[in-house]
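Chemist: What follows is the residue order along each chain.
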Amino acid sequence: NAGVMQNPRHLVRRRGQEARLRCSPMKGHSHVYWYRQLPEEGLKFMVYLQKENIIDESGMPKERFSAEFPKEGPSILRIQQVVRGDSAAYFCASSSSGANVLTFGAGSRLTVL
Amino acid sequence: AQRVTQPEKLLSVFKGAPVELKCNYSYSGSPELFWYVQYSRQRLQLLLRHISRESIKGFTADLNKGETSFHLKKPFAQEEDSAMYYCALSFSGSARQLTFGSGTQLTVLP
Numbered sequence: 001n002a003g004v005m006q007n008p009r010h011l012v013r014r015r016g017q018e019a020r021l022r023c024s025p026m027k028g029h030s031h032v033y034w035y036r037q038l039p040e041e042g043l044k045f046m047v048y049l050q051k052e053n054i055i056d057e058s059g060m061p062k063e064r065f066s067a068e069f070p071k072e073g074p075s076i077l078r079i080q081q082v083v084r085g086d087s088a089a090y091f092c093a094s095s096s097s098g099a100n101v102l103t104f105g106a107g108s109r110l111t112v113l
Numbered sequence: 001a002q003r004v005t006q007p008e009k010l011l012s013v014f015k016g017a018p019v020e021l022k023c024n025y026s027y028s029g030s031p032e033l034f035w036y037v038q039y040s041r042q043r044l045q046l047l048l049r050h051i052s053r054e055s056i057k058g059f060t061a062d063l064n065k066g067e068t069s070f071h072l073k074k075p076f077a078q079e080e081d082s083a084m085y086y087c088a089l090s091f092s093g094s095a096r097q098l099t100f101g102s103g104t105q106l107t108v109l110p
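Heads up: the protein sequence lines correspond to chains A and B, in order. Read in our numbering, the first sequence has 78 at position 78, and its numbers run on one by one without any break. Read in our numbering, the second sequence has 1 at position 1, and its numbers run on one by one without any break.
One should not assume that every hint holds.
Said to hold, decoys possible - Using 30 Å as the maximum straight-line C-alpha spacing, the simulated DSBU-like pairs for lysine-lysine come out as follows:
hint	chain 1	residue 1	chain 2	residue 2
1	B	Lys73	A	Lys44
2	A	Lys71	B	Lys73
3	B	Lys22	B	Lys73
4	B	Lys57	A	Lys51
5	A	Lys51	A	Lys62
6	A	Lys44	B	Lys22
Quick caveat, the hints were computed from the structure, so don't treat them as lab data.
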């Protein structure tokens with residue numbers, strides 16, 4: 001069991017480009033969560049998804065950010081027209097149905113030049 | 001709104017000394033509290049949760065509802081305990097509402 005897999009581990013984008021971060025949950029887990037960690041700050045909840053459904057996106061910025069978890073394939077966090085302030089580590093976590101203990105991925109570090 | 005506060009960004013202790021990482025929370029209901037740990041070059045992982053009332057790697061944490069605290073303690077720190085520690089709160093019984101503190105970097109000196 002490879003655990004929660006995130007890729008890419010590091011991503012560099014110029015301002016205005018798009019960033020796509022992928023997350024494959026742990027085998028048997030159907031719930032995916034995205035967190036963002038800005039420099040010098042803690043983890044901030046962004047969005048919670050189940051297959052084909054966004055359950056809670058209360059932590060997502062209103063513009064440029066979107067997330068999906070299709071029936072097949074990984075969950076994707078998409079950031080359009082990136083700005084320097086989007087530079088952060090983005091962590092994905094998964095859990096099994098009804099559980100409130102998360103298994104985290106290694107994170108994807110986005111750097112916007 | 002719920003909030004988790006870890007007042008110390010950095011904490012250094014000598015090997016064998018007691019260590020306490022502070023965590024305070026604000027929430028009016030009945031929260032579930034967790035400690036997560038991230039060792040160097042490793043993923044964030046669950047260390048312990050208050051409902052388990054167990055000791056993991058010598059660490060314990062007691063939920064004090066009166067003081068709204070969930071401090072993490074270990075009587076004798078080891079060098080391998082050096083890591084980033086995050087306190088987290090779940091208020092709905094569901095991980096979707098897990099709120100994290102800003103973390104404390106613990107360094108255990110030889």
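Chemist: State for each hint whether it applies.
Modeler: Evaluation of the provided hints:
About 25 Å separates the Cα atoms of Lys73(B) and Lys44(A), which keeps this hinted pair within 30 Å; it holds. Distance restraint check for Lys71(A) and Lys73(B): the Cα-Cα separation of roughly 43 Å exceeds the 30 Å cut-off, and the hinted pair is therefore not satisfied. Pair hint Lys22(B) plus Lys73(B) holds up; C-alpha atoms about 9 Å apart against a cutoff of 30 Å. A distance of roughly 35 Å separates the Cα atoms of Lys57(B) and Lys51(A); the hinted pair therefore is violated under the 30 Å criterion.
The hinted pair formed by Lys51(A) and Lys62(A) meets the criterion: a straight-line CA distance of about 22 Å does not exceed 30 Å. Under the criterion of a C-alpha separation no larger than 30 Å, the hint pairing Lys44(A) with Lys22(B) is consistent with the structure, at around 19 Å.
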